[in-house]
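J.: Each chain is listed here by its residues.
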Amino acid sequence: MPKDGGIGASTKRREDVRFLTGKGRYTDDINLQNQTYAWFVRSDIAHGTIQNIDTSDAESMDGVVKIFTSKDFEAAGGIPCGWQVTDRFGQPMQEPKHPILAEGKVRHVGDPIAVVVAETLEQARDAAEAIDIDIDELEPVLDMKAAIQDGATKVHDDLTSNLCYDWGFVEENREAVDEAIKNAHHVTTLELVNNRLCANPMEPRVAVADYSQANDEYTLYTTSQNPHVIRLLMGAFVLSIPEHKLRVVAPDVGGGFGSKIYHYAEEAFVTHASKIVGRPVKWTSTRSEAFISDAHGRDHVTKIELAMDENHKFTAVRTDTYANMGAYLSTFAPSIPTWLHGTLMAGNYTTPLVYVNVKAVFTNTVPVDAYRGAGRPEATFQLERVVDKAAREIGMDPAELRRLNFIKPDQFPYDTPVAVTYDTGNYHATLDKGLEMVDYANFDARVAESKARGKLRGLGLAHFIEACGIAPSNLVGQLGARAGLYESATVRVNATGSISVMTGSHSHGQGHETSFAQVVAEMIGIDASQVDIVHGDTSKTPMGMGTYGSRSIAVGGSAMVRATEKIINKAKKIAAHLMEASEGDIELKDGQFTVAGTDKSVAWGDVTLAAYVPHNYPLEEIEPGLEETAFYDPSNFTYPSGAYICEVEVDPDTGKVDVLGFIAADDFGNVINPMIVEGQVHGGVAQGIGQAMLENTVFDENGQLLSGSFMDYAMPRASDMPMFDVDHSCQTPCTHNPLGVKGCGEAGAIGSPPAVVNAVIDALQRGGYDVDHIDMPVSPSRVWEAMNK
Amino acid sequence: MHNFEFVKPSTVEEAVAALQSDEAQPMSGGQTLLPTMKQRLAAPEKLVSLTGIASMQGVSAVGGVLTIGGATTHATVATEAAAHYPGLAGLAAHIGDPAVRNRGTIGGSLANNDPAACYPSAALGSGATIVTNAREIAADDYFQGMFTTALEEGEIVTGVRFPIPQASNYQKFEQPASRFALTGVFVAKYADGVRVAVTGASEEGVFRWTEAEAALSANFSPDAIEGLSVSADGMIGDLHGTPAYRAHLIKVLTKRAVAAAS
Ligand SMILES: Cc1cc2nc3c(=O)[nH]c(=O)nc-3n(C[C@H](O)[C@H](O)[C@H](O)COP(=O)(O)OP(=O)(O)OC[C@H]3O[C@@H](n4cnc5c(N)ncnc54)[C@H](O)[C@@H]3O)c2cc1C
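Protein chains in written order, with full-length UniProt numbering: chain A, 1 to 789; chain B, 1 to 262.
Next comes chain A alone, as it looks inside the complex (with noise of 0.2 angstroms):
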């Protein structure tokens, strides 16, 4: 097998030729013989009553085609809600109706009114700005405790609040987690925020639907990460469209982050509308609205408590968190603050009592929902930031003190007090690595260096577990999941030997042409070039989750081994009758067939060729052809972890913060394509330095977004970035998936965040200033203000 493409080869991304030449083709670059566009009209106001909408004088205007409002989708259903999750009263969360187009009130700046559908963009723009909407408004809710109050004006008034749900976990071991922190020998409190986001892919969103009168047939091109997923959703629960009369095609997509795996509005909008108007209808979002109709992230608002012993050692955690679930749920927003956080809060440690206490609440703002890391961002940051600040007030060294609690390397599998199992890690191994990597022993040196220059040294750290690889159906299934969370591959083989592999993981940047093709041309011993991975439409995969949650490879990958294990074995069969041996005697090496002990061999491309001419074949014992499908649901999420450290200066003239270093020191099992993993770290790197120092959404009291441009929204840009020292050598392969992977694809944004701000504490700590904690983005102002309270 050439070891240039194969499993562990840093094969150059394929798919790069065409996206970094111009060639790439993204939705909005699919134009339909006589499309119209949408242009949607938007509340500007937060909350509110629609009285009246004029559409009158802009229906007669040039080039207008049709004007929607919420009468027209009165047959339509609202969009569903993926995750049901069940209160600590055991009772259902609360579900508001979300319509595509608001009915009777708007809710959240932003929210869809009108949507004017003409022959050109400008002409739809033109009769939007002539609809007359009048209305009422109300009290904005915005401050998620004071929504839960009694007597709070509410969001949805057919609810009988604005908490969506009350949840506990592990609710049986309440009052035993009081006790423990009753009677700690220590416990750290820490309030924090961990602010709000937008996602902000390269490409915005964009939905192109043609209906097709002839055979009674949709298609819908849109931004997605799992176009099987908006098929469902949309076609079953929205529009009543049977799925083998929808088609949705998600093609290159430019960036997702979480913020394209949602069933949104406009999808189902345009879907509906091209029937109605009988011709496609193209809606691409800009910018601005983007902010405004992206689904957000993070957004909590927490109370931590870790309570530790005489020798040190942890013995109970207490978190109380609000999670600002916005006007609506998105699809699978209810879960976020639950069952992929609550689960992760016992971090990488041996603490035996855990519990997790989360209020979901609806405001007047933009609906929240996964963003890289989704909810373990949100357990890391708490955690690592409160151990860290234990560590600090016992005067313990950081790392001796996550050292001393960690589960050690023999402990695996563990079972933590937060329902899940980690097959395998090893802690101890990834924090000496990091330590190593970043000359933890020199670091005062550095410090008086910068101390010199008039600058506070500060170096912080955090280590951090994630549970990816989602998901086990039938346990999600217990959680409130409406789907399953397998994932599918058909592995088709042509007849001279070279190979379709139909994914139903989607890549919108992770690189799964290389990387996938990797996996089957290493099986088999041809060369990746023989190896196409072809995903992103309906009509083409079987019925796949999508990517999101570091699962691509994980439940991706893992299907497509099963899949390319029964093509080997059939092969095998056909090898076997082509060289007149027993099956159970032929070897599969570098793409030759061989009957063990002797001479014979057949090449892969000898043997796919008989498969597709039968003429010497053994049509008796199976079918011709050489394609198989497979269905991987995983048995456990698997548990990358790792050591982050971060280096900073700060300056203590105006609290501006430079990050001096950043190494990753990951534990991800088995690595496919090393370099795409690297690249993987530095972009969830790059995303969580952003959020620990630039990027934060924010309303001001009306619910306006103050933040909702990139002149008020900080993205992280290259020079904000220091160079990023990566490493996998740690390696603890998932005992539960066939290739032994556990995902790369959120960690860099996981555990990045807590150890920025911990390295910004521990630069001000040792300066002489008495600051605890600053909430993120730790802004110059905010931590000059923190310096000078």
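Note that these hints are calculated values from the structure, not bench results. Among these hints, one or two may not hold up.
Unchecked claim - Below, in silico cross-link-like pairs of lysine-lysine (DSS-like), each with a Cα-Cα straight-line distance of 25 angstroms or less:
#1 B/Lys-251 x A/Lys-455
#2 A/Lys-656 x B/Lys-38
#3 A/Lys-97 x A/Lys-71
#4 B/Lys-38 x A/Lys-789
#5 B/Lys-251 x A/Lys-451
#6 A/Lys-66 x B/Lys-251
Remember, it's a predicted structure, so these values are computed and weren't measured experimentally.
Fit chain B with the ligand to the known structure of chain A by using the hints.
T.: Just chain B with the ligand now, kept in the frame of chain A:
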């Protein structure tokens, strides 16, 4: 963006004439104007481009005065003013990004008078003269608050004359998102005194910090302003910094500008 008529005259007189019609507006680099038009916040019926007017281009230094044509781009100032007025060239070199610097112009920037823009501090800090098609305006009279100037409707900034100082420097503390000045301080030392102009900080737009000017005129060293402070009253407070923070930055940046002045 709404449709508009576009003209590109080659003389100031033609441009002034073209601007007589209703709803006509001058455009230089378009770096401010075009984004507002795309958002439909501005909808001029006619755009009069000033970039084809030869007399409004270029940088020249004669007799201790640097003259910059009103339609000269930031990139041109960054390179061509470097030998004569390094403080000003350094300022131009750090406006926006290369695309912005290759389109955006000094006239556009001064006409717009964004409270966070860089050039206003250099013009005020140098005691520059703003030259228009109709008159000459001293910088001290030109800036009249956020987005407000002494320009009349249809009046064009054709050039700017900067007296060249003995030493100068601009310190820009970037707003993290826009990279405009969260606060910026321009310090220029002349034979007859020091000028200190502050941008980004005040709700009144660019202003002179006169106490610092007096102290630095007596002793041009960072220590000279050690005992001074700026009141937070009237300073901008927003997502990126409180009034107190901006007031504090003014002093920090002034000291740094003095230390770096060349
Ligand atoms: C991404 C980005 C980053 C930026 N960063 C900075 C920064 O860091 N610092 C900074 O200072 N600026 C910054 N800017 C603004 C930039 O410097 C613009 O070039 C400047 O504000 C306007 O110049 P312009 O030539 O593009 O003007 P235009 O956009 O063409 O015009 C602006 C306004 O001035 C009027 N006008 C134009 N020329 C004249 C004239 N000669 N006489 C009279 N009126 C005129 C126009 O009618 C319009 O009202 C940034 C802009 C962008 C897009």
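J.: Each hint needs a verdict: does it hold in this structure or not?
T.: A quick look at each hint next to the structure:
1. B/Lys-251 x A/Lys-455: 18 angstroms, holds
2. A/Lys-656 x B/Lys-38: With a Cα-Cα distance of about 34 angstroms, the restraint between A/Lys-656 and B/Lys-38 is violated, given a limit of 25 angstroms.
3. A/Lys-97 x A/Lys-71: 15 angstroms, holds
4. B/Lys-38 x A/Lys-789: Not OK: B/Lys-38 and A/Lys-789 at ~43 angstroms, beyond 25 angstroms, violated.
5. B/Lys-251 x A/Lys-451: Within the cut-off at roughly 22 angstroms; holds.
6. A/Lys-66 x B/Lys-251: Measuring from Cα to Cα gives roughly 59 angstroms; hence the hint is violated.
Consistency with the previously given hints fails for numbers 2, 4 and 6, ordered from lowest to highest.
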